[in-house]
Structures are given as structure tokens and as C-alpha cells.
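To get our numbering, take the position in the sequence shown, counting from 1, and add 12.
You can take every hint at face value.
Straight-line C-alpha distance at most 30 angstroms; calculated DSS-like pairs for lysine-lysine:
1. Lys589 / Lys257
2. Lys589 / Lys261
3. Lys589 / Lys241
4. Lys215 / Lys114
5. Lys241 / Lys257
6. Lys241 / Lys261
7. Lys589 / Lys654
Hints are computed from structural coordinates only; laboratory data are not their basis.
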Amino acid sequence: MTDWYNRWVGTEYEGADPPELYHHYIGHDNNRDAFMQNTVESRYGAEIIFREWIPQGYIDHHQMGPYTARIYLPPYAEPIRPGGDPLVWREMSWYGAHMAYKMEEEDLSGAVNAAIYSGWGHFGFHWITPFHNIAGMLTESASARLATPLYVHPDQLGGSRQLPEYAEQTTFPSPWPGGWWHVRDIVERQIIATFSPLEIAAKNRETVLRNAYNKAHRQTERGMEDDVKAYVIPADQHDVLTSLKMVNKLIGQGITVERSDQQFTHEGHVYAAGTHVVSLAQPKRGVIRWLLGQTYYPDNSYTRTAEGDPIRPYDMSADVIAEFMGVRVDPVSTSVQAPLSVLTDWVDPLGTVSRGQQGYLVSGRQNDAFKAINLLFETGVSMRRVVIDTGRARVGDFIIDSEVAASTISEVAEETGVDFMALNVDPSDFSHPIERQRIGMYQRYYGGNMDEGWTRWLLEDFEFEYSSLLDPDILEGDLADKWDVIILPADSKEMMLGPSGSNEGRGPDPSSTPPDYRSGFGQEGIEALEAFVQAGGTLVTFAEAGDLAIDEFGLPVRNAVSGMSGNEFWSPGSTLKVDVDTSSPFAHGMPERALATYLANGQVYETVPGARSSDVRRVLTYIDRDILQSGWLLGEEAIANKAAVVSVQHGQGTVLLIGFRAQHRAQTHGTFKLLFNALMGHS
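Put together the whole structure using the sequences plus the hints.
Spelled out as C-alpha cells, the structure:
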């Protein structure tokens with residue numbers, strides 16, 4: 013950021029936003045990973061905050077837009093997410109009031125409390141810490157132009173959530189009048205926001221420490237009294253390795269997880285050895301409840317405008333990792349009485365190896381099977397994919413030739429945890445050969461695309477080889493000679509086409525961007541992508557990126573929720589129930605019922621009547637009623653029995669339209685296979 017800023021100081025582009033993600037993979041989403049801990053940075057932070065130090069308070073200093081209050085201070089606005097100890101919310105008010113008090117003392121105007129940012133937000137560090145019994149606080153400072161001052165006219169200043177007007181109120185008694193806004197102004201306020209809570213905590217040290225104990229003790233007692241006493245994670249899972257990853261994510265939160273090494277029965281269910289149990293009678297009860305329990309976002313006066321329109325939650329309306337990851341979790345109403353032992357270390361499964369006369373069989377139900385296959389592609393060994401069930405071999409399973417060195421198989425099994433089972437029958441009648449696909453993914457400028465960055469992270473994590481395609485790569489044409497699969501991450505058509513593209517030039521404004529960093533492939537790029545598909549390539553689109561293929565290629569489908577108001581259809585970061593056509597090569601290895609994580613700007617598909625209807629195949633379809641699993645859904649009838657994912661034959665190739673972010677932030681393990689299968693090729 014500093015290098016980029018300094019490069020343009022003194023030019024017309026001074027203060028321009030950088031063209032790429034400022035975190036190599038995830039950009040601004042680096043503050044949305046605390047509950048999943050995908051990135052190294054998040055794991056380091058969690059180790060310190062959740063497991064080693066466990067502080068009494070935590071503050072994230074952020075920056076917001078420049079045209080409202082000068083700094084937002086705790087507490088949060090309504091609604092709050094319930095389930096935390098009341099003391100933690102009182103502490104936020106206490107600390108935040110002192111921050112504001114000290115700013116007024118220094119005649120620093122423009123501080124607002126209890127506005128703009130609600131207490132129910134994404135589970136980044138400052139929003140998840142309250143459920144760790146830590147006063148997790150956020151400050152948001154009005155931005156300048158990076159380090160360049162910004163002049164703000166009084167008529168540019170406006171209100172925001174629970175700050176309906178830019179005028180004096182009890183939590184905003186000294187509005188900033190406008191004028192020049194400098195980085196120094198930001199720093200002066202952030203210094204006070206940092207040191208004032210330290211001051212008040214130090215002066216009340218014994219109270220703060222005693223209440224840290226009280227919060228933990230009372231949450232443990234509540235867990236003993238809750239209707240749900242524990243969550244049971246059965247050993248028998250569709251994707252066992254992913255369920256163990258989830259267990260590790262719980263351990264990463266500092267949650268106590270127990271395991272049974274023998275079969276037991278509880279509330280009429282028989283649980284196999286290897287079942288994990290998470291009791292709510294522990295200090296981190298609140299974290300457990302939101303990561304494992306079904307969630308309904310509130311629909312009330314705090315979450316709707318005066319006109320009755322829904323207000324979008326700050327990011328997601330649910331953060332249930334069990335649902336995101338496709339892991340079965342059973343809530344139980346009585347304490348589990350079974351021989352359980354506390355896990356004291358990470359779960360690190362080691363795959364088993366059993367060689368057969370015809371090679372090895374690997375279950376396609378495991379996401380990590382794809383990682384294993386990608387590692388084996390490096391050896392040049394012959395591999396196949398099962399397309400006909402035989403009983404032992406299921407559609408979507410992988411077959412590895414017996415000629416591969418036993419030591420290589422053992423190394424891959426140890427690295428991935430995947431089991432290699434013996435295959436003793438000739439697989440040629442029920443499988444087809446596979447080979448590594450040439451994968452390209454579109455990458456643009458104008459600040460980058462976080463969905464693209466996360467997808468890069470995911471591909472690398474599962475050992476897929478890929479190349480990033482910039483505009484010149486698309487415009488060069490002859491894409492089918494170089495690529496088998498091209499991915500368009502979730503992005504608007506306007507951002508991909510750029511200011512010179514179609515849509516009457518409704519793309520980004522390039523005037524503030526240096527010429528070398530303007531992007532968009534325009535009409536010429538559309539033609540190149542369509543020629544790629546018609547020549548036999550596979551184009552994968554996520555969410556709103558589907559508009560490009562639907563509109564520009566003339567595909568015989570339409571987005572059924574396009575143009576609908578929030579009261580007609582609304583699903584801001586919810587998990588929705590879908591039926592899966594597991595016979596589709598794009599859904600091999602998936603269960604017959606799954607959950608789609610639907611965010612704003614997603615798409616829902618219906619086929620346009622006509623001669624090309626047979627070119628469309630539904631892969632995932634929303635069920636007919638009671639579609640919501642967790643989150644907030646309005647207007648379910650708008651999507652009932654409509655497609656969440658379709659594959660469309662176009663010329664010799666295929667467009668796979670995934671109407672939601674099946675790979676969202678590398679969190680939605682339960683739907684990764686929709687992408688992974690597309691990257692393995694299909695018959």
C-alpha cells in the first residue's frame with residue numbers, strides 16, 4: 013500500500029486505490045476469517061487470542077467511507093447477536109463511552125457510539141470475541157485519500173444506520189463541521205481509542221479480572237441449563253475428512269472437544285467409535301452455539317427500514333460452519349453419558365493403503381480425494397473416474413493404476429489422509445480415463461476481486477494447477493488451444509467488461525486509475541470466451557458472473573430473481589436446502605441433499621422455453637418448501653423448485669452456471685465438489 017501510494021504522489025493519480033488485492037489472496041476479507049481460520053494470519057491470531065492469552069478486551073481499528081461521522085466507537089448498533097454474557101456488552105459500552113469522553117476532552121469532534129455497525133456481524137475477530145467472553149470492539153475511522161487529505165463539504169456529510177441524520181444526538185453530541193480531513197486526524201482519534209480503554213481497565217483491574225472469571229463461569233452454567241446440552245458429530249459422515257477438519261477448527265477456537273473410542277447410544281441414536289461430542293457446559297458456549305447450531309437472523313424493527321424493507325446484515329446472516337462444510341451435527345437435549353476423552357491435540361488422520369491387482373480405489377466423496385489425485389498427476393500415473401456404480405465402486409470414485417510406486421501412494425495417503433482401497437477387477441467397463449486439465453481463471457484490476465483471490469487460495473490448497481488470465485490473455489483469442497476450463501469468479505458483468513465493454517459503458521470509472529492498471533475485456537473478450545466454449549471448453553461462472561454467459565451467449569436460461577425487491581426475495585448469506593442430481597458429472601461425490609450458501613447478487617435459474625431446452629441440465633435444485641436452513645429468507649416461493657446450478661451445452665462445450673458462491677471464502681466445503689468436478693474434466 014505504501015509503495016503504491018508513494019509511486020503516484022504528486023500526480024493526477026495521487027490517492028488512487030491500488031489495482032490489486034492488498035492481501036495477496038483475500039484482500040479486505042482478512043478480517044472475516046476468525047471463525048474458519050483458513051489463512052496463516054488468522055491461525056496465528058486465534059492461537060494468541062482464543063487459546064493462549066485470552067485477553068479481557070480486544071479492539072480492531074478499521075477505516076470506513078469519508079462522508080459520515082469521523083469515527084465510530086463501541087458499542088455496536090442494534091441488533092446484537094444473542095448468547096453472549098451480558099457483562100461483555102456492558103463492557104463494550106463502558107470502554108466506548110470512555111473513548112468518546114476522552115475525545116471530547118481533547119476537542120476532537122465527530123465521534124459516534126452505537127451506530128452504523130450492528131452487533132450481529134460476520135465472525136471476524138471483533139465480532140466473534142464477545143462469545144469468547146472478551147469485549148470485542150471495533151472502531152471505524154473516516155478515510156482520507158489513502159495518505160492524501162480530503163476536503164469534505166458540509167452537504168456531503170450524512171447519516172447512517174441508527175444515525176438517521178447528521179445532527180446532534182446523545183451518542184453524537186459534536187458533529188464534525190466539514191473541511192480538510194487528514195491522516196493526522198485519523199491517528200489522533202485512534203490513539204485515544206487505543207489508550208483510553210487501557211486506562212479505564214487499569215484503574216479497575218480487579219473488577220475487570222473478576223468479571224472475566226464471572227463471564228466464563230456463568231456461560232458454563234448456562235450451557236448446563238440450555239435446551240441443547242451438546243452437539244454430537246457422528247463418526248459416520250458423507251465426507252469424513254472434512255468433518256475432522258471441522259473438529260480442528262473448533263479446537264482452534266479453544267473449544268473443548270471430546271471423542272469416544274467405542275460405540276455408544278444416546279437419545280435413541282447409535283454412535284460409532286470416533287464420534288466427537290461438544291458440550292455447551294463450557295466457557296465458550298456462545299461460540300459453540302453459533303458455529304454448530306441452526307441460526308435464524310432476526311426480522312424486526314431493527315432489521316427493516318421505516319418503510320418495511322429489509323436491511324442487509326453486515327455480511328452474513330449465519331456463520332454455521334457445520335452447514336457450510338456439509339458436516340452432520342446432532343443437537344441433543346441431555347448430557348452425553350459415554351466414555352469420552354478430551355482431545356489434547358489436532359486431529360491428524362493418516363490414510364490407509366491396500367494395494368489390489370488392478371490398482372487402488374479412492375472415494376470421490378472426500379474433498380481431499382481431489383488433492384490426492386492432483387498430487388498423483390505429478391507422477392504421470394494413469395488414473396480413471398468411475399461412471400457406473402458397481403457396489404464397491406461408486407460413481408465419482410477415482411481409480412489409480414497399480415503401476416505407481418507403493419512409496420508414492422503411501423506419501424500421498426499420509427499427506428492427505430485419504431484411504432487407498434484395493435481394486436481387484438478390471439475397471440475399463442465402469443470408468444473412463446482422466447487427465448490433468450488446463451485451468452485458467454480471470455483476474456481483473458480496479459482493486460481486485462476477493463472471490464477470485466479466495467478461489468486462487470482454494471485451488472492451491474487442493475493442489476490444482478492453474479493460471480491467472482488477465483485481459484490480454486483473454487483478448488489473444490484461441491483460448492481452446494490453451495485451456496480446458498476457464499473460471500469467472502463472482503463479479504458483475506460491468507466490472508469484467510470494463511468501461512469500453514457492452515452495457516452502454518456502465519463499467520468502472522477509469523479516470524482515477526493509472527492507464528496501465530485499467531482493465532476490462534469488452535466485446536472482443538466476450539467473443540473469445542464464447543468461441544472457447546463452442547470449441548469444447550468448459551466455462552464455470554459463480555453467482556452474478558453468470559450474467560455474462562446468459563446475456564452475451566444467448567443461453568436458454570434466465571435468472572428467476574433478477575430485478576426482485578428485497579420483500580420479494582431476500583437471502584443475505586443464508587444456507588438453503590437443495591436437491592442434488594448426483595448423476596451429473598459436476599455433482600459426482602455429493603450427497604443427494606445439500607446446502608447452498610446464498611449471498612446477495614446470487615442467481616436462481618429457470619429454463620427459457622424453446623428448441624434449446626434440452627441443452628439445459630439441472631444439477632442442484634431448491635426444494636419445494638421450508639427451504640431455509642439458517643439465516644434469513646424472504647420469498648421462498650420465488651426459488652422453490654428452481655435451479656441453483658445448471659449446466660448448459662453450448663456448441664461443443666459447456667457453461668456451468670453456479671448461482672451461488674460454492675467456494676465462498678474457502679469456507680463452504682460442502683459444495684466445493686461443484687468446482688472440483690468441473691476441473692477434473694467430464695465425459
